[in-house]
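Trainee: What follows is the residue order along each chain.
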Amino acid sequence: MRGLLRSLLNSAGMHDIHEAADGSAALAVLAARKCDFILCDLAMQPMDGLEFTREVRRSKISANPFVPIIMVSGYTEKRRVEAARDAGVTEFLAKPVTSQSLYSRIAEIMERPRAFIRSASYFGPDRRRKATENYAGPWRRQDDMHDLEVQ
Amino acid sequence: MSKNQIIPPESYPQMVSKSEAARISRALRSPEAIQHGNRVIEDASHALREGVRDYVRALETVIGDHRQTYEKAHEIRGFAETAGLAAAGRIADGLCGYFDEMEKLGAKPDRNVIALHVSAIARAAYAEDEAIRMGNMVAKELATLVQRKLAETAAGN
Numbered sequence: 003m004r005g006l007l008r009s010l011l012n013s014a015g016m017h018d019i020h021e022a023a024d025g026s027a028a029l030a031v032l033a034a035r036k037c038d039f040i041l042c043d044l045a046m047q048p049m050d051g052l053e054f055t056r057e058v059r060r061s062k063i064s065a066n067p068f069v070p071i072i073m074v075s076g077y078t079e080k081r082r083v084e085a086a087r088d089a090g091v092t093e094f095l096a097k098p099v100t101s102q103s104l105y106s107r108i109a110e111i112m113e114r115p116r117a118f119i120r121s122a123s124y125f126g127p128d129r130r131r132k133a134t135e136n137y138a139g140p141w142r143r144q145d146d147m148h149d150l151e152v153q
Numbered sequence: 017m018s019k020n021q022i023i024p025p026e027s028y029p030q031m032v033s034k035s036e037a038a039r040i041s042r043a044l045r046s047p048e049a050i051q052h053g054n055r056v057i058e059d060a061s062h063a064l065r066e067g068v069r070d071y072v073r074a075l076e077t078v079i080g081d082h083r084q085t086y087e088k089a090h091e092i093r094g095f096a097e098t099a100g101l102a103a104a105g106r107i108a109d110g111l112c113g114y115f116d117e118m119e120k121l122g123a124k125p126d127r128n129v130i131a132l133h134v135s136a137i138a139r140a141a142y143a144e145d146e147a148i149r150m151g152n153m154v155a156k157e158l159a160t161l162v163q164r165k166l167a168e169t170a171a172g173n
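Heads up: the protein sequence lines correspond to chains A and B, in order. Numbering-wise, the working numbering puts 133 at position 131 of the first sequence, and it's gapless, one number per residue. Numbering-wise, the working numbering puts 153 at position 137 of the second sequence, and it's gapless, one number per residue.
Note that these hints are calculated values from the structure, not bench results. Keep in mind that the hints are not guaranteed to be accurate.
Said to hold, decoys possible - With the C-beta cut set under 10 Å, the calculated list includes, among others, these residues of chain B facing chain A:
(1) Gln30
(2) Arg45
(3) Glu66
(4) Glu76
(5) Ala131
Stated by the list, open to error - Covered by chain B, per the in silico footprint, the following chain A stretches (three or more residues, Cβ under 8 Å):
(6) 32-46
(7) 72-82
(8) 93-104
(9) 120-130
Cβ atoms here follow ideal geometry from the backbone N, Cα and C, with glycine treated the same way.
Work out the full structure, taking the sequences as your base and the hints as a guide.
Mentor: This is the structure:
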């Protein structure tokens, strides 16, 4: 699968690609190089895609906690997608991968970079995907307005 | 209480400028880029099929081990369709779904249901042309069988 993704990226003109066999190796790559985005699988060993994402987002030594992460996975059940979102994944790409699905995810992270949220229990892209400009409530939590600070 | 913080995209480093992002996005969404990508997948399909068949061979050897059976079937459902073996992928997806549902029900998967799926995946992974249509029919029949088995299991609980 890594080979196919590389070929698809090459085909779209992206040639500076660094591969890693697992989460730990990928963290080492990130520490050594500036990456524009990450494509990672959910099922990796010994560090899986969720743990890897949490490391990238929350580790004190993370080189770039804002880097977009596209998680590729055959696990498409709602709970798995939600777990990926809660770990801090930017986009979810369900297998089977097509050129259109891959390119549209990359286009999405470039065109519409997401705001990040930092809270006591979460750091990652805003999990609310659709922002309505004129939305005046009701808010989901009573204390939303008190607890929110725009940087 | 500590405040939650929203960090807008303008407040952290972006990959490229807005205009460059728009240009690259347009190129990525263009029919030409997608056609190029489809050709890359077509070119890789022979190697991908061999990869799927390697997983199928491994699947056939681990049939008594539910965890390993699930893992192999999961790999097959992940890229069989990309390799042009859609029926094999669909049947593997059905098998993974069966394992997931049985786990939710707290029940042990039926050995015969697993064996039927594994055998059907193997046949579909080697199917050509007309046999692919047969594989799709088998996938539908197995999905019906799984639904019936799940209903029986749920009723038994």
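Trainee: For each hint, tell me whether it holds in the structure or not.
Mentor: How the hints compare with the structure:
1. Gln30: Hint holds; B:Gln30 Cβ to chain A Cβ min 6 Å, cut 10 Å.
2. Arg45: holds (5 Å)
3. Glu66: The hint is violated - B:Glu66 has no Cβ within 10 Å of chain A, the shortest such distance being about 12 Å.
4. Glu76: Hint on B:Glu76: violated, closest Cβ of chain A at ~20 Å, above 10 Å.
5. Ala131: For B:Ala131, the interface hint is violated, since the closest Cβ of chain A sits about 22 Å away, which is over 10 Å.
6. 32-46: holds (count 3)
7. 72-82: holds (count 4)
8. 93-104: holds (count 7)
9. 120-130: Coverage by chain B holds here, the residue count being 4 at a Cβ distance below 8 Å.
The structure does not agree with the numbered hints 3, 4, 5 stated previously, though it agrees with the rest.
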